[in-house]
Amino acid sequence: MATTAEASNTTTGNTETATGKMIKIQSNDGQIFEVDQGVVEQSSTIKTLSDLMDVGDVPIPLPNVKASILGPIVDFCNHHKNDQKPEPIDEDDDDDPNKDIYEPKRSDDICEWDLNFIKQFTVPEGTLFDIIMAANYLGIKTLLAVGCKTIANMVRGKSSTEVREMFNISYDPPGEGINAPNAIEGQAGTVPTTQDANATGPSPQPDPMNQ
Amino acid sequence: MNTSHHHPPNPNEIVGNRRPARPSSAQLRSTTPTRNRQQHNNTTSNGLNTTAKLEQSILKHDLDRTTMSTNSQKLNGKGKNRLYSTWTPLQDEETNARLFEERKLLLNKWFEKWTDDQRRVVLDDLMGQSRPRQLTYTRNLLTKRFPAHHNDFTRLFPRVLCLYIFSYLDPRSLCRCAQVCWYWKFLTESDQIWMPKCLRFGWTPKYSPSSFESNVWKRVYTFNIQALQTMPVRDYSQRSQSAYYDDQSSSRQNTARSHTHTNRNQHNQSHLSSSSRTNRNVEHPPWRANSRNPSDTLRFNYLDNDDSELESLIAKHRKQGTSILHPTESDHELKNTTKERQGRNRVDDRHEHNGSIRRSQSLSARGSPSVSFRDDHTSRNSNHNNSYLNRPPSTSGFPNRPADMPRPPSSAQKSKYSSKIATNEASNRTWHTMNNDNYIDE
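Chains as they are written, first to last, in my numbering: chain A, 1 to 211; chain B, 1001 to 1442.
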């Protein structure tokens, strides 16, 4: 796979930052990944776990992440572990008095590698949501931002009907469907009448469709 | 409902009943085929294409034959446990099961041979005939087989994540998202999203909202945006550089007197003719020159753009000392919300007069850029003209600038609005009365 090859390249080129200590993580379906310190640094969850547990050779279980999702995430972290910590205080904007804390967040600043990375996950298959959930669980802020920006980009500029189609959201306009004025009462009203008519019938199931 | 089992009733009645009583074996032979035919006629009659009709008639024929044969094979009329299928009125469970099996096979056989279109027609038919319980079953089967993957992410994610996603969106997209469904509306109108958007421009609610109130910040935002859109934007620095305006500013003192004179005259007339309007169009009254290219309104939808546009606009306002927050003082809509700030800035008559002038400008700038309308307007307010002539000399450098531009919003406005509310409460009443005066003038 190209991604793993790239990942191994980055590992070899970056031996001085990566301490030799490798940590094993285990997805919920049993697959074990070996990651180095640079990857662990990015995920707050794994970092806390490894610090707390002081793991030796025991893999850290990650019960919320599937192997099919964890693999790409490890690739992502491998690719990004050389980054210069772009803004270590990404969330704590208040620290910088010069920064406009209310500056609207941009969602078009995803770098190219990330764009290609996130492209393999889609909404119809649900993998994009899985990635975001996993990134949220693992505490990888960069990946979470990339995923959320992708979704925001998908929503932006769409009309409400398009959004509904995209995310499979059911909607009944006022006065129709489930929002009809007597949708509930109509059904409730048919129940006793049907039962009365078929009092001797073997099927006690009222069927409003036949009325 | 027919309850006599052993005395064969009228065959017509049996046919008409949905769940007939068990007929005798002798009657079975005679009635079953007709009932079959009726059933099939029901299904075929509702708009199928001809091939499907043909297939169904063949199937019906086949089934009839099967029924006949099985009926002749096994008929023991002693079953107490009657299974009332509509067209298998047999008492024997075993026979019934076999019959059902055969028919099912037949159905499968035909179904395999049908084309995709035909299958769809048949499926449509079946769905139409199914009862809610069966439809629910079908849906469960389908969801098991095709899990709905493209889910609504707002139901999947925790609320923090949803808000995080929505925080990337621009106001227009947020408003559209609010139309998607009720939960999206709830999310996209939440204060966490809109508060930074407002605070960025120093917009704060004019009252301290109670903790039970929601969507306050979105209302603040929309209100301010609306105020922005009705506000004329004047680029004074550029105008004063042009020769035309310089010339006019030098001769301001002379023309002013003559114009107050003419205005008074016209004030006496009840209605101004169009000819007089055009005349005065040429004359260029001193207090408000028309712009030759009426670009003093920015007529684009602010929601369309990114915040950068809005930001530059607001920065321009700030630089020129125009507060964003009271663009159209006399607007009925804005009266209640702006009154605190208005009350602070207006302290004397001159301010009030300025408000009416500026309103007329904004109104005319919205529709037509003609200056005559403004002149009419101000001439009717001619009792204010004195104060206009007594403008302080400090502002005379800008001939078109009203005497008392409100102060630019300070930085304190951004941070502490609660204290401001307290100070502004006192001035509410005074402004209110002044504002009424404005309306009387109209």
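Please note that the accuracy of each hint is not assured.
Calculated cross-link-like contacts (lysine-lysine; reagent style PhoX-like; alpha-carbon spacing at most 25 Å) [said to hold, decoys possible]:
1. A/66 with A/47
2. A/158 with B/1185
3. A/141 with A/119
4. A/141 with A/47
5. A/158 with A/119
6. A/21 with A/47
7. A/105 with B/1109
8. A/24 with A/158
9. A/66 with B/1144
Hints are computed from structural coordinates only; laboratory data are not their basis.
Here is how each hint holds up against the structure:
1. A/66 with A/47: Given pair residue 66 of chain A, residue 47 of chain A holds - Cα atoms ~19 Å apart, limit 25 Å.
2. A/158 with B/1185: The hint holds at about 15 Å.
3. A/141 with A/119: holds (18 Å)
4. A/141 with A/47: holds (13 Å)
5. A/158 with A/119: The hint holds at about 19 Å.
6. A/21 with A/47: The hint holds at about 13 Å.
7. A/105 with B/1109: Measuring from Cα to Cα gives roughly 61 Å; hence the hint is violated.
8. A/24 with A/158: violated (42 Å)
9. A/66 with B/1144: holds (20 Å)
Hint compliance for this structure: hints 7 and 8 are broken, all remaining hints hold.
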